[in-house]
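Below are the chains, spelled out letter by letter.
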Amino acid sequence: MKGDTHKLFRDGLFKNNPVFIQILGICSTLAVTNTVKNTAVMVAGLLFVVAFSNLTISFLRKAIPSRVRMMAEGLIIASFVIIVDIVLKAYLWDISKQLGPYVGLIITNCIIMGRAEAFAISNPPWPSFLDGVASGLGYAYVLLSIAIVRELLGYGTLWGIRIMGEGWVNWTMMVMASGAFFMLALFIWIMKGVVFRERGEA
Amino acid sequence: MPERKTVWLKSLYTIVFMTGLTALFITVLSALFLKTRPLIEINEAYDVKLAVLRAAGISPESTEASDVISLYDLLVEEKEFPAEKWNYYQVGAEEGLHAFVFPFRGAGLWGEIEGVLGYDASLEHITGMDILKQNETPGLGGRIGEDWFKDQFIGKQGPFTELTQNGGEEKLLYSFQAITGATSTSAAFQSIINELIEKHVKALRRHLEEER
Chain A
6 MKGDTHKLFR
16 DGLFKNNPVF
26 IQILGICSTL
36 AVTNTVKNTA
46 VMVAGLLFVV
56 AFSNLTISFL
66 RKAIPSRVRM
76 MAEGLIIASF
86 VIIVDIVLKA
96 YLWDISKQLG
106 PYVGLIITNC
116 IIMGRAEAFA
126 ISNPPWPSFL
136 DGVASGLGYA
146 YVLLSIAIVR
156 ELLGYGTLWG
166 IRIMGEGWVN
176 WTMMVMASGA
186 FFMLALFIWI
196 MKGVVFRERG
206 EA
Chain B
121 MPERKTVWLK
131 SLYTIVFMTG
141 LTALFITVLS
151 ALFLKTRPLI
161 EINEAYDVKL
171 AVLRAAGISP
181 ESTEASDVIS
191 LYDLLVEEKE
201 FPAEKWNYYQ
211 VGAEEGLHAF
221 VFPFRGAGLW
231 GEIEGVLGYD
241 ASLEHITGMD
251 ILKQNETPGL
261 GGRIGEDWFK
271 DQFIGKQGPF
281 TELTQNGGEE
291 KLLYSFQAIT
301 GATSTSAAFQ
311 SIINELIEKH
321 VKALRRHLEE
331 ER
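Going line by line, the protein sequences match chains A and B. Every number in this note's numbering is 5 more than the matching position in the first sequence, counting from 1. Every number in this note's numbering is 120 more than the matching position in the second sequence, counting from 1.
No lab work stands behind these hints, which were simulated from the structure alone. Each hint should be verified, as a subset may be incorrect.
Claimed, not checked - Reference listing, derived: stretches of chain B covered by chain A, where coverage requires no fewer than 3 residues with Cβ under 8 Å from a Cβ of chain A:
(1) 125-137
(2) 145-151
(3) 156-168
Don't be surprised by glycine CBs; every beta carbon is placed ideally from N, CA and C.
With the hints as extra help, turn the sequences into a complete structure.
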């Protein structure tokens, strides 16, 4: 069991990382990583949705008729996304406005349906929940790494707090979509071309 | 025959299962929505109140919800234009009229753009503008929500005949800077603002002159 848990986390975080190995969830990776605060809320939302939709789907896996399997998964995922949206609108209004349509678009994030289909539908609840957490964490650290660099270079701040000195000239490109493309490509290159190659896993 | 019965039972089970699952999640979501609705309504009202104050050229010292709402309640009066069904806000009536704020709504490139536009007490110059809702392309048309775009209207008169900032002082009063790469959104915004000025601002100006 301990070995299985270790494998789930190793896959979700590195070997089968949803962002830089499977290239899933790219839309939100590009869209919300211009500030760390927005990114943190987005990844927390996704982590909640992927973990609890995996758990629910796994609980119901023997009851879900196979011919409406994806319909039921879609319903469960959408419901958890709406929960996140309502909670943000009620308790984190500013962030909810800044994230705009991207919270609702968690429904279309391929990571969630991917984990439901690839794991939760055929595995017991606890490992499915852990698989969701591992995938969510794998998505989280990639997005947060990109967001830290983009906000620091683009605004000279981290979490809205000024880090760079007064003389710092903001790299406007970093907070625009093109900056996200460059940073994501750089991240994938570092992970696959340097880290994984050194470990012989590329 | 038994095979047909099995198929029929399977179909029935599928329908019952999906109906039950849908009902379960609708119940949970409805309960959560009803529980949080008062908070969401306060947040939405706060947005409108802060936008009205900003459009009137008033920057609250604190943007805490309770401070903004009490300042709004102190300064702003919601009015209905006589004989017509549109509203505007009168700001600072008690302590010498400060500004009039007009809500606007119209079609952008992808969806509705909603906001408020403020004019000084003489209805001659714009005091501010704020966007409440828009679904324009992030990074392009979506930049209508940025301060540089909104602040450029302060001191201008409108209606806006051109999307440029080149020209003499007179021309500047009737033009604004479009967003690069978002010509359609800029043009849509120009037409929304112009319609507001032609219909509501001018109507109120005439009405106030008649009253005098």
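These are the hints, each one checked on the structure:
{"no.": "1", "hint": "125-137", "in the structure": "holds (count 4)"}
{"no.": "2", "hint": "145-151", "in the structure": "holds (count 3)"}
{"no.": "3", "hint": "156-168", "in the structure": "holds (count 6)"}
Comparing the model with each numbered hint stated earlier shows that all of them hold.
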